[in-house]
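Put chain B on the given structure of chain A with help from the hints.
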Amino acid sequence: EAQVTQNPRYLITVTGKKLTVTCSQNMNHEYMSWYRQDPGLGLRQIYYSMNVEVTDKGDVPEGYKVSRKEKRNFPLILESPSPNQTSLYFCASSFTAGGPREQYFGPGTRLTVT
Amino acid sequence: GESVGLHLPTLSVQEGDNSIINCAYSNSASDYFIWYKQESGKGPQFIIDIRSNMDKRQGQRVTVLLNKTVKHLSLQIAATQPGDSAVYFCAENVGWGKLQFGAGTQVVVTP
Numbered sequence: 002e003a004q005v006t007q008n009p010r011y012l013i014t015v016t017g018k019k020l021t022v023t024c025s026q027n028m029n030h031e032y033m034s035w036y037r038q039d040p041g042l043g044l045r046q047i048y049y050s051m052n053v054e055v056t057d058k059g060d061v062p063e064g065y066k067v068s069r070k071e072k073r074n075f076p077l078i079l080e081s082p083s084p085n086q087t088s089l090y091f092c093a094s095s096f097t098a099g100g101p102r103e104q105y106f107g108p109g110t111r112l113t114v115t
Numbered sequence: 051g052e053s054v055g056l057h058l059p060t061l062s063v064q065e066g067d068n069s070i071i072n073c074a075y076s077n078s079a080s081d082y083f084i085w086y087k088q089e090s091g092k093g094p095q096f097i098i099d100i101r102s103n104m105d106k107r108q109g110q111r112v113t114v115l116l117n118k119t120v121k122h123l124s125l126q127i128a129a130t131q132p133g134d135s136a137v138y139f140c141a142e143n144v145g146w147g148k149l150q151f152g153a154g155t156q157v158v159v160t161p
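For the protein sequence lines, the chains are A and B, in the order given.
Residue numbering for the first sequence follows this note's numbering, starting at 2 and increasing by one per position.
Residue numbering for the second sequence follows this note's numbering, starting at 51 and increasing by one per position.
Bound conformation, chain B alone:
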């Protein structure tokens, strides 16, 4: 597949451990935030989102935490699996339909 992040921060995680991916956002008026996963050679895939009036949201094996005070978002993946190896992006809705993405974090799951 094609490489989309030649100089991305990398998180190396052992299989079975929990992963935490962090993201700083820029616009305090953003009303919701989204996490996407992108595997090599594919388009991004929606994981989970959170509205600005929430602090935490859980999905299947994933939890997103939002700290509006410091404009910080995190994605926690429980019991990381080899299939979780990918680039993860956060995005914020800065206006009606206008989205801004972070640069991404490469997650590498080791056996």
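Next comes chain A alone, as it looks inside the complex:
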């Protein structure tokens, strides 16, 4: 089944404790992206990657890191999480021919930082 998977789905952590949210897709997509979603703000792009070893900042990259060593994986790293990073996070992927339009989204990761 074609899908984007994220782990964990739910995470409660404390300020400053490094964490990684994994994202994996099995559709051989070049493009992958991370978003955060907060009530009333819609989706905001954190980082995106057009292909392996290519990553770029979205609108809200501060406090996050990403890497794209393999085509299928795009982990999101929070080196020192803070309470303002409490949010719902989505990973997405798509082919890039003509641009990343038909993105497939993962189920989301609910992160709470206390």
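There's no promise every hint is true.
Mimicking DSBU-like on lysine-lysine, the simulated pairs with C-alpha atoms at most 30 Å apart in a straight line are [stated by the list, open to error]: (1) A:Lys-18 <-> A:Lys-70; (2) A:Lys-72 <-> B:Lys-92; (3) B:Lys-148 <-> A:Lys-72; (4) A:Lys-58 <-> A:Lys-72; (5) B:Lys-148 <-> A:Lys-70; (6) B:Lys-92 <-> A:Lys-19; (7) A:Lys-58 <-> B:Lys-148; (8) A:Lys-58 <-> A:Lys-19; (9) B:Lys-106 <-> B:Lys-92; (10) A:Lys-58 <-> B:Lys-92; (11) A:Lys-66 <-> B:Lys-92; (12) A:Lys-58 <-> B:Lys-118; (13) A:Lys-72 <-> A:Lys-18; (14) A:Lys-66 <-> B:Lys-148; (15) A:Lys-70 <-> B:Lys-92; (16) A:Lys-58 <-> B:Lys-121; (17) B:Lys-92 <-> A:Lys-18; (18) A:Lys-19 <-> A:Lys-72; (19) A:Lys-19 <-> B:Lys-148.
Simulated coverage check for chain B against chain A, where a stretch passes if three residues somewhere in it have a Cβ under 8 Å from a Cβ of chain A [stated by the list, open to error]: (20) 95-102; (21) 148-157.
Quick caveat, the hints were computed from the structure, so don't treat them as lab data.
For every residue, glycine included, the Cβ atom is placed at its ideal position computed from N, Cα and C.
Frame of chain A; chain B shown alone:
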């Protein structure tokens, strides 16, 4: 499911009627626009997209209209069904791969 839009504009539509969801975008250089649907507790799902050199595009029960003069995008859903109840987002590609989303509209379909 989880609520993702506590203060979203809401469109209430009677089952069987047509829905029109509006979106204003910000960047006149954006080269394509996308509509997504998000049901409670799920990730967004692609509906339809339109390139900036088009005014209209139709899909199955949906039509997207683009007015570049006033930077306005709309999604029309024909014969709205209960399964259409969701939050709808527009997005614009402001650069190669960089996407910006609107805040969303909650659509509630009543019997």
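Checked hints:
no.	hint	result
1	A:Lys-18 <-> A:Lys-70	holds (24 Å)
2	A:Lys-72 <-> B:Lys-92	holds (24 Å)
3	B:Lys-148 <-> A:Lys-72	holds (19 Å)
4	A:Lys-58 <-> A:Lys-72	holds (18 Å)
5	B:Lys-148 <-> A:Lys-70	holds (20 Å)
6	B:Lys-92 <-> A:Lys-19	holds (26 Å)
7	A:Lys-58 <-> B:Lys-148	holds (8 Å)
8	A:Lys-58 <-> A:Lys-19	holds (20 Å)
9	B:Lys-106 <-> B:Lys-92	holds (28 Å)
10	A:Lys-58 <-> B:Lys-92	holds (25 Å)
11	A:Lys-66 <-> B:Lys-92	holds (24 Å)
12	A:Lys-58 <-> B:Lys-118	holds (27 Å)
13	A:Lys-72 <-> A:Lys-18	holds (27 Å)
14	A:Lys-66 <-> B:Lys-148	holds (17 Å)
15	A:Lys-70 <-> B:Lys-92	holds (27 Å)
16	A:Lys-58 <-> B:Lys-121	holds (25 Å)
17	B:Lys-92 <-> A:Lys-18	holds (27 Å)
18	A:Lys-19 <-> A:Lys-72	holds (24 Å)
19	A:Lys-19 <-> B:Lys-148	holds (26 Å)
20	95-102	holds (count 3)
21	148-157	holds (count 7)
Hint compliance for this structure: no hint is broken.
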